[in-house]
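Visitor: Spelled out from the first residue to the last, the chains are:
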Amino acid sequence: MRRHTARRLQPVADILFGAWLIARKDLAIEFRTRSAFLSALVFALLGLVIFYYAWDPTAVAATDLAPGVLWVIFTFSGLLGLHRSFGVETADHAIDGLLASPVSREAIFLGKAIANLIFVGAVQAIAIPALALFYNVPLGNVAAPLIAIAILAAIGLVAVGTLFSAMAVNTRLAELLLPMLALPFFVPIVIAASQATSKLLSGRPVIEAAAWLKLLLAFDIVFVASCTLAYPFTVED
Amino acid sequence: MSSKISTAATPIVEVAELRREFGATQAVAGVSFSLAPGECLALFGPNGAGKTTLLRVLAGLLKPTSGSARISGIALAGGPLARSRVGLISHHTMLYEALSARENVSFSARLYGIRDAKTRVEDALRRMSMLERADASVRSLSRGMQQRVSIARAMVHSPQLVLADEPYSGLDESGARALTAVLQELRSTGTAIIVVTHNLIEGLSLATHAAVMQRGKFVRYDAAGRVDAKSYAATYREALATGG
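Protein chains in written order, with our numbering: chain W, 1 to 237; chain U, 238 to 481.
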């Protein structure tokens, strides 16, 4: 019985191992070049500054403005990293080496998504404290639930974005096509994340944000499962 | 040019009536052949004849429209297991230029689940005379050196079938010699090879079998022991004149 269970789990273990290898490789490349991370970070910080100076504090309270600013910035800075995700594979057809290897297509997708999640998480780790600083929003009491929202929203954004990055990369208008394809699917995630963030930053009890968190979790489950299953079809000619 | 290894052995690759269509275009239009361990098929033909498509189907990068292909007895549709037995070399290096030569080959070794990856990576790089530059980033290497690293990457898991699409592209004389030596060594250890090239001399020097492909079909195919360089040159020129 135990041997039978182990045999059934082996493909899952193989997929996770392959995904980890690919994620590690992508992070090593990003660590060497830092091109996408720095671009995304500079974009996020500039976005915060621009919104700050465009903001009339007498008309809109910081706690009302900050959630929207935060998620607009994460959405667009994330796209920079997502575009790069499969971009590194097209240079000299590295993707052919991956696809010809025994690693499953699902592992390739998950590896890319894990690397993108760490990328987006790193941008968030700097941008959220920067937002607190610029908009004078106290995060002390809501740090833990805010981190949960950030992680849940990032998982959904990355799943959808990674799939569309794979679809757009071989087109001539990849930079244009990726946001056009991905943004409509980002909308429900961004609405849920910004609503949950708004509840937290306005000092409402965490339980009031719970419904939005559950919705984010549901989006994550649907998007991760459907995008993982859909990816193999994007690489079959 | 005849192979010393018996063709009666279990074939490494068996292709039967393989077809691959792109819309109305038949890129591969019913190709059949088989190669036993240690045999090498040199594939010639004009641009657009379907040579690269055939290799991409056998590498698992494209699904065949119809027909069948088996690698070491495993149907290509079997996916990962069949792909694990194949090594792919192309005129594209398939390398990550931000990583070092060693990191690229090591990444490939781990993808193929090699346990003693470190030793195998060293060995593969040594065979392609790239050990001294192993820690240099691929970006800093010349085109020829990148191609050597790419070949080391394709060989690191000791494939049973090597698919080489214009493998001599970008290699200098010493690189080409090293590649020929590696391919001959692989043949002697039972690896089957399919090499696509426009260079008849290089192709036929390795080949036990040879074929000229045109419009997706083998217009000429000679099995072991019957490959004649002169007549191949004539058929190839004829195919070039009429196009792919």
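Heads up, some of the hints might be wrong.
Said to hold, decoys possible - In silico SDA-like links for lysine to any residue, alpha-carbon gap of 20 angstroms or less: (1) Lys355(U) <-> Ala28(W); (2) Lys300(U) <-> Glu208(W); (3) Lys355(U) <-> Glu236(W); (4) Lys467(U) <-> Leu437(U); (5) Lys300(U) <-> Thr262(U); (6) Lys467(U) <-> Asn170(W); (7) Lys300(U) <-> Pro274(U); (8) Lys355(U) <-> Arg24(W); (9) Lys467(U) <-> Ile438(U); (10) Lys355(U) <-> Ser374(U); (11) Lys467(U) <-> Arg457(U); (12) Lys300(U) <-> Asp96(W); (13) Lys300(U) <-> Trp20(W); (14) Lys300(U) <-> Lys355(U); (15) Lys300(U) <-> Glu258(U); (16) Lys355(U) <-> Trp20(W); (17) Lys300(U) <-> Phe17(W); (18) Lys300(U) <-> Ala28(W); (19) Lys355(U) <-> Phe17(W); (20) Lys300(U) <-> Pro102(W); (21) Lys355(U) <-> His93(W); (22) Lys355(U) <-> Ala371(U); (23) Lys300(U) <-> Arg24(W); (24) Lys300(U) <-> Leu21(W); (25) Lys300(U) <-> Met167(W); (26) Lys467(U) <-> Ala230(W); (27) Lys300(U) <-> Asn170(W); (28) Lys454(U) <-> Gly310(U); (29) Lys454(U) <-> Ala230(W); (30) Lys300(U) <-> Glu254(U); (31) Lys454(U) <-> Ser442(U); (32) Lys454(U) <-> Glu422(U).
Stated by the list, open to error - Partial list, derived from the structure: chain U residues whose beta carbon lies under 8 angstroms from chain W: (33) Leu298; (34) Thr302; (35) Ser303; (36) Gly304; (37) Ser305; (38) Leu325; (39) Leu332; (40) Tyr349.
Hints in this document: simulated from the structure, not taken from any laboratory. Backbone N, C-alpha and C fix where the C-beta goes; we use that ideal spot for every residue, glycine too.
Visitor: It remains to establish, for every hint, whether it holds in the given structure.
Guide: Hints, verified against the model:
no., hint, verdict
1, Lys355(U) <-> Ala28(W), "holds, 18 angstroms"
2, Lys300(U) <-> Glu208(W), "violated, 51 angstroms"
3, Lys355(U) <-> Glu236(W), "violated, 33 angstroms"
4, Lys467(U) <-> Leu437(U), "holds, 10 angstroms"
5, Lys300(U) <-> Thr262(U), "holds, 15 angstroms"
6, Lys467(U) <-> Asn170(W), "violated, 42 angstroms"
7, Lys300(U) <-> Pro274(U), "violated, 24 angstroms"
8, Lys355(U) <-> Arg24(W), "holds, 17 angstroms"
9, Lys467(U) <-> Ile438(U), "holds, 10 angstroms"
10, Lys355(U) <-> Ser374(U), "holds, 18 angstroms"
11, Lys467(U) <-> Arg457(U), "holds, 14 angstroms"
12, Lys300(U) <-> Asp96(W), "holds, 14 angstroms"
13, Lys300(U) <-> Trp20(W), "violated, 27 angstroms"
14, Lys300(U) <-> Lys355(U), "violated, 33 angstroms"
15, Lys300(U) <-> Glu258(U), "holds, 10 angstroms"
16, Lys355(U) <-> Trp20(W), "holds, 18 angstroms"
17, Lys300(U) <-> Phe17(W), "violated, 25 angstroms"
18, Lys300(U) <-> Ala28(W), "violated, 32 angstroms"
19, Lys355(U) <-> Phe17(W), "holds, 18 angstroms"
20, Lys300(U) <-> Pro102(W), "holds, 15 angstroms"
21, Lys355(U) <-> His93(W), "violated, 25 angstroms"
22, Lys355(U) <-> Ala371(U), "holds, 12 angstroms"
23, Lys300(U) <-> Arg24(W), "violated, 29 angstroms"
24, Lys300(U) <-> Leu21(W), "violated, 25 angstroms"
25, Lys300(U) <-> Met167(W), "holds, 18 angstroms"
26, Lys467(U) <-> Ala230(W), "violated, 51 angstroms"
27, Lys300(U) <-> Asn170(W), "holds, 18 angstroms"
28, Lys454(U) <-> Gly310(U), "violated, 24 angstroms"
29, Lys454(U) <-> Ala230(W), "violated, 33 angstroms"
30, Lys300(U) <-> Glu254(U), "holds, 14 angstroms"
31, Lys454(U) <-> Ser442(U), "violated, 23 angstroms"
32, Lys454(U) <-> Glu422(U), "violated, 30 angstroms"
33, Leu298, "holds, 5 angstroms"
34, Thr302, "violated, 11 angstroms"
35, Ser303, "violated, 15 angstroms"
36, Gly304, "violated, 16 angstroms"
37, Ser305, "violated, 18 angstroms"
38, Leu325, "holds, 5 angstroms"
39, Leu332, "holds, 6 angstroms"
40, Tyr349, "holds, 6 angstroms"
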